[in-house]
Amino acid sequence: MDIGKKLSHVVAIAAVAGLTLVAGTGSVIASGEAKHPEAQDWSFAGPFGKFDVASIQRGLQNYIENCSACHSMNQLAYRNLSSLGFNEDEVKEIASQYEVTDGPDDNGDMFDRPARPSDKFVLPFPNEQAARASNNGAFPPDLSLLAKANPGGPDYIFALLTGFVEEPPEDVELAEGMNYNPFFGGGQIAMAPPLFEDGIEYSDGTPATIEQQARDVANFLQWAAEPEMEDRKRIGWKVVLFLLVLSALLYAAKRQTWARLH
Amino acid sequence: MSAHTQPSGTGSGLVKWIDSRLPVFTYLQKEYGEFPAPRNFNYWWNFGAILSFMLVLMIFTGIFLAMQYTPHVDFAFDSVERIMRDVNYGWLLRYMHANGASFFFIAVYIHIFRGLYYGSYKNPRELLWIFGVVILVLMMATAFMGYVLPWGQLSLWGATVITSLFSAIPLVGDSIVTWLWGGFAVDNSTLNRFFSLHFLLPFVIVGVVALHVIALHVTGSNNPLGIDPKGPQDTIPFHPYYTAKDSFGLAIWITLFAAVVFFAPNFFGEPENYVRANPLVTPAEIVPEWYFLPFFAILRAVNFDVLFIDAKLGGVIAMFGSILVLFVVPWLDRSKVRSARFRPVYKWFFWILVLDCLLLGFVGGHPPDEKVFEGIEGLKFINLGHLGTAWYFFHFLVLLPLLGMFEKTRPLPTSIAEPVLGGGQSAAGAAAKPMEKA
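For the record, the sequence lines run as chains A and B. Per my numbering, numbering through the first sequence is continuous, rising by one, with the last residue being 289. Per my numbering, numbering through the second sequence is continuous, rising by one, with the last residue being 439.
Treat the hints as calculated values from the structure; they're not laboratory data. Predicted model, so just to flag it, every value in this text is computed and none were measured. Note that the Cβ used here is the ideal one computed from N, Cα and C, for glycine as well. Keep in mind that a hint or two might mislead.
[Claimed, not checked] Stretches of chain B that chain A covers, calculated by requiring three or more beta carbons in the stretch to come under 8 Å of a beta carbon on chain A:
no. : stretch
1   : 230 to 242
2   : 254 to 264
3   : 273 to 279
[Claimed, not checked] Only some residues are given here: those of chain A computed to face chain B with a beta carbon under 10 Å:
no. : residue
4   : Asn-101
5   : Pro-178
6   : Asp-182
7   : Ala-252
8   : Lys-260
9   : Trp-264
This is chain B alone, in the form it adopts within the complex (with noise of 0.2 Å):
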């Protein structure tokens, strides 16, 4: 029996009895207990513990609302409606889960602009990067088929418009639109299929976020200033130093979520989705929901032929390589220095990149042609689409590679442990501050 491993903790019998036959206590021991963290996080770090928890929550509401929903076009709208009405905390299921996919990606956007302000997708963690990004597409994809199950009119004219993007590829387009649909309209065989897959997809999330999180507790996480923990003194153990910070921010997350869900319930969502959905009705406006605004800006920013690709096609590939660069961003940063602390021009460009996709966003909520500014004729939507859109490019592209080679950066300090504890000479010291009684 010596081959056995010994729980590290103390435990009952029962906790031992498991233990030397499924580490499973052993491995929360080392993975969340035990799991040396660097000593400096500060709160940006608390989002990946608010997206496991967000996910989790989509995930419960969700089972508990397709106890209640049926995919079918001629029920689908009443179904909700019989959640919102009959159903015993219907309303707070479905505002939980509507709200709860907003919350989702406003943290999941600051989770990744918090990776790219403190290069957290340096070598060594470019796999785990790639997983995030991996997981943001899945997000997408669930998001989106999420909206269609509803069937308001948003729900039937947004399904057909994104799907009909596929169009655009040439030669084998329409059929592969046909194949999305099962059919040739969005009806009822894509309502089915969007709400199978709807109900897949987030279980296929989980898997890569155990991947995110296997990958993270291989190289260990980064940290503000960006640099590895030199030894024992450079790192806390999880818990209690993080679980109880990552509590602490959690409950603010929740506090702030429960009052949009409790007192402003519709803020994000669109009103024309709670028209039912008519096929024979075009809405005004066809919007998606907020956190697709900057990608449809992207999408619409095209709207010129560029050699043998029109601009269909054109805005379709603008748009999937707008996310699609993220992938190689740790081999376009050619910036040995992670933290954007030590790099005095990209932080700069990090901020112009934040208010870029807010740009961005703005561009997307509105047509193309309506102007910017009621008396300023030349300025369109359309005309701050195809900034911001040369900028996202830009930014990746060209600025992230040129700056490697050419940027300028500040001496980094020896030790995560030297500007906490002693040297206040560095010029970490003021930045780390925070952490000292934290």
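So that you can see chain A by itself, here it is in the shape it has in the complex (with noise of 0.2 Å):
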């Protein structure tokens, strides 16, 4: 038996499947003019992270106050708030603040009704075209997925929010109607500073900070991008135990198998 020979063996596999993984990893887009989003510490993160659920429903509040003139949302649904800890109740009364366009009825006529739990988030704007045509030109990206569309994630989500910077530097010309952020590509950003000092009276009595906001805001981005995240982490580690075991049991089997050999 020569388990120092096996053990290289494996670790020659997962060195082989590691170096793969660092190529992989190579083709991260090179954003050459953003600045790099410092890391954060996020409840989220890791194999046993978990969602911060206070954080997530002030950054629902911040979304619905400020965010959601001009950003849709189009993946979620009134109802998904329920894993929130809203109860069926303040779900309804949530939904039950916007219209939605329904029909025909019977007439053929198409009649505005309050939205319910089963509709999508109500888009602020009915095409692209008009988004545009009240931004100054620029179309505010949707929301839903935007903690996994970008390289740098929740991380980035942050840093965009807290990293306006009033006065900028004095080689970038700024173009008319944009705002100065170094983490945005390009640096010029049409959205304005969106978040201000208690500029917000949080429902929880949270002390509204910029940073506070933006974490909130950041956190709740992450819960709409990977709402399954909890379920996945906690099946994972069951299933992963399932397997380690297993394959103690096989690495056993296949021994006492090989051992008649001789």
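These two chains come separately, so use the hints to put the complex back together.
Okay, structure coming up:
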């Protein structure tokens, strides 16, 4: 028996896989001009990570009161909010603040009604042209998947929201209506600084510093991008532990089988 | 009735009844039960079983994903997100399928390098190897078309870049591209046909895998010593010895796979593909999935005209050539000795080739004009691409034939059983040790 030798084989296999991974991650998009966002501590990070539900709820409040005037979240439905701890009546209440067009009714007419939990988040603009017309030609992106649609993830969202600089560096010539933010590609962003110190009154009383708000919004968008994350990690531990035990049993079975050869 | 073959194992009446009419049980017993395999496989021989598992996993997850997916440019992106959010365990299906592609390629690349190291392509296994390369080509086509289906930004733009390569063909290039697209841009008809072909090709792969396995069972497996079994003392029945060994290796593999699926499911993916496809906005950089990066680097390495061949056509020829050259490896390698264990010079060049492929993968992920190191002006990724591409072809087209002529190989052991069971003196004695009581 030579466990060392066998281990070295396993290590070699892992090393080849690892090198392949390194080659794979070489493909991160180089965005030369944008400043690299600093890594933050997130409650959802790592294999044991969990959502910070209170922060996500504040982020939702911030989205509703600030962001949703311009940014859609077309993958979310009001019913999804029940997984944030809102009960059925609260979800109905949130949904009913919005109007959706439904129909046609029995007369063939379209009609407006309050949104229901089964409706998707109501869009701020009916189409891209309307959004551009209201935003100085810029199109505010949908936020549903933002947290995993850029290499920086939630770190990028936090950095962008806290990274606005009032006076751009001297060598930067801002275009009409643009704002300076070194974390955005090219440094110029059409969105004005969206968060203000105490710009919102959190219903749970948390002091609304800009950093706190940015963190809450990032937490909310991370949840929106991967609402299945907690389920995934919980099941993942069961699966991986089961497979490790199975591997050990199969290894024992294999050794016993091969022992017959001599 | 005496003409009927009797199943060799004990079976129920029903088994015997079926077997005397359609000898499936006899076949299984012969090809997977008693099938004599060299007794000295190491763990690199596990990847055949691992790849079979991955193929089945991809087909099963794919079939269930197809039940929920909508191949239309207006609905594809949302239908994938619906799978992720509203379909029960849809996220699990999709993450298994997406990461399954990556693990499938890791396994197939290890399997191919295993074959190169131990000379598994040599007489009499040339056809077996060729079927393997056909499977690789089919896998690449399938993976490429599958990546288009979620209809994110890189789906659309990756498809545009790769299909546009065919426009490099003189005279008919543009017509071919229009024909591939089914229109004048990558659009709904392209997405529809890619979905159709992405569903079809895996079953073609199953067919070629069958040929691969049949060819394997005619010639028998190669082994780490690269010498033929000389008698029963050199082989052991596939079952239970290699079924047990394969099961263990497969379980380890699935554990690694599960760790990625559950804890880092977007590790291999490009974030940009979570942005809905938009024909009016070109992404900052268009990169293929990681498993295509070495070939992408070769494509971009040819940035100069050669005689009447312009750079674009040259790049396409080099890229396809880098795969096609694998078909003729059995004839490029003139050495009579199979295993690199007894080829002291080839062994070194083998590992250099592995590093070269990793280098090409690294290069493929960076813009050609980007500096490799901050502060070193002269060295750009395109320079590394030139070097890596030149070495790749040099290895196969020049080194392999020359080594066969000039390399002084080590003496081969007289049999597989000798170093395993007795003669500790042999050169292979130490190397074959893991088998002893493995």
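The hints, checked one at a time:
{"no.": "1", "hint": "230 to 242", "result": "holds (count 3)"}
{"no.": "2", "hint": "254 to 264", "result": "holds (count 8)"}
{"no.": "3", "hint": "273 to 279", "result": "holds (count 4)"}
{"no.": "4", "hint": "Asn-101", "result": "holds (8 Å)"}
{"no.": "5", "hint": "Pro-178", "result": "holds (5 Å)"}
{"no.": "6", "hint": "Asp-182", "result": "violated (12 Å)"}
{"no.": "7", "hint": "Ala-252", "result": "holds (8 Å)"}
{"no.": "8", "hint": "Lys-260", "result": "holds (6 Å)"}
{"no.": "9", "hint": "Trp-264", "result": "holds (8 Å)"}
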